[in-house]
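Novice: Residue numbering for the sequence shown follows this note's numbering, beginning at 157 and increasing consecutively.
Check before you lean on any hint, since a few could be wrong.
[Claimed, not checked] In silico EDC-like pairs for lysine to aspartate or glutamate, Cα to Cα no more than 16 Å straight-line: (1) K189 - D205; (2) K463 - E481; (3) K384 - E418; (4) K516 - E473; (5) K463 - E508.
Hints were generated in silico from the structure; no laboratory data involved. Computed from a predicted structure; not experimentally measured.
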Amino acid sequence: MKLFSFLFMSLLFSQFSLAQQATNFFPNENGYKWYYKTTMLDSLNQPVDSFAVYTVDSLVGEMTYNGKQAKYFVGKTGALPTIFEQPYLDTSWVALSGNDGSIYFGLGTLSSLLGILDPSVIDSSLGGFVGLLSSVQGWYSAYKFTNPVNSSYTLFTKDTTISYSGTDYPIRFQVKAQRKNDEVVSTPVGSFTCKRFLLNYAVSYMLLGVIPVPIISIDDNHYIAEGKWLVKQIALSTTIDLSFAQLGTFTIPGREVIIQPEFTPPTSVFEGNVAAPAKFNLMQNYPNPFNPTTVIRFTMPNSGYAKGMVYDLLGREIAVLLDGEMAAGNHSLNFNAVGLPSGIYLFRLNAEGGYSSEIKMILNK
Numbered sequence: 157m158k159l160f161s162f163l164f165m166s167l168l169f170s171q172f173s174l175a176q177q178a179t180n181f182f183p184n185e186n187g188y189k190w191y192y193k194t195t196m197l198d199s200l201n202q203p204v205d206s207f208a209v210y211t212v213d214s215l216v217g218e219m220t221y222n223g224k225q226a227k228y229f230v231g232k233t234g235a236l237p238t239i240f241e242q243p244y245l246d247t248s249w250v251a252l253s254g255n256d257g258s259i260y261f262g263l264g265t266l267s268s269l270l271g272i273l274d275p276s277v278i279d280s281s282l283g284g285f286v287g288l289l290s291s292v293q294g295w296y297s298a299y300k301f302t303n304p305v306n307s308s309y310t311l312f313t314k315d316t317t318i319s320y321s322g323t324d325y326p327i328r329f330q331v332k333a334q335r336k337n338d339e340v341v342s343t344p345v346g347s348f349t350c351k352r353f354l355l356n357y358a359v360s361y362m363l364l365g366v367i368p369v370p371i372i373s374i375d376d377n378h379y380i381a382e383g384k385w386l387v388k389q390i391a392l393s394t395t396i397d398l399s400f401a402q403l404g405t406f407t408i409p410g411r412e413v414i415i416q417p418e419f420t421p422p423t424s425v426f427e428g429n430v431a432a433p434a435k436f437n438l439m440q441n442y443p444n445p446f447n448p449t450t451v452i453r454f455t456m457p458n459s460g461y462a463k464g465m466v467y468d469l470l471g472r473e474i475a476v477l478l479d480g481e482m483a484a485g486n487h488s489l490n491f492n493a494v495g496l497p498s499g500i501y502l503f504r505l506n507a508e509g510g511y512s513s514e515i516k517m518i519l520n521k
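Could you build all of it, start to finish, from the sequences and the hints given here?
Specialist: In structure tokens, the structure reads:
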């Protein structure tokens, strides 16, 4: 009987382990596409649909990247009316080995969590912040599919110093992860029983060099479904406390990413269509962040005078991209920031009829 029980438990464990293989959660066929909608969350974690952007990721294949055999996929993000004509400009890598799924952590990982904040702008106030992020780029086993529930594991810890107004501050950057209880997640493409992982990104001021005082703490929830990979991701809004450097506190908006059905091109979007747009609309530039060129798109329901200008955050005029009569329809402008330093720039569009709108553009060199 003991032998039978041992064999039964061994078989049960082997079947469980097999079901938790990381490769079971990732699509197999090259050319597989994911469609996502990303919505900003305000300080009360309510969705702000007017700031939604859309992403298409496409699985390309497998390659060796920085020492690991990895699946890689290309992506593009932008407004829904324009995403169909955008090129794939982003590349991401996932390494699958046994029960672990590893992601390549780079500057873009935290930039996406910071939302409207540009790490290079933070770096201008807190010298060394971007260097801190650069020093921890690499592979990390973020998804441990057989890890005990609620048992935390550290991806990395990095101690360094940053400077502000001539003073050096000891800082710790740490990323931890937990596997949480499985959850059923409802999406526009169906319901999935998901593995849920909580990734916590934390930056702390090291008081007396040994006591961590939190500055930034972002909880990023990832929901992974078998055969689909990521179907939902949500990071709630959070507060950054920089009072130790007399910079006060402010809120980083949250974001929610949810898988979508295949996007369908609208019938009347691009230049040359007969139907005129129903209203003025200035769309977010793409790509954003960019280096050094980006495209700005806008629509005009009527013919008339329009002017489009680029400013820096001090209000200084950087470039005039448009100044003249424009026909009704859909238009695009190219902005080349070669020779300009990294940072946030503003594009302001004024048009006949009292229309005025502005977007933030992030130059990240």
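Novice: Report the numbers of all earlier hints that the structure fails to satisfy, in ascending order.
Specialist: 1
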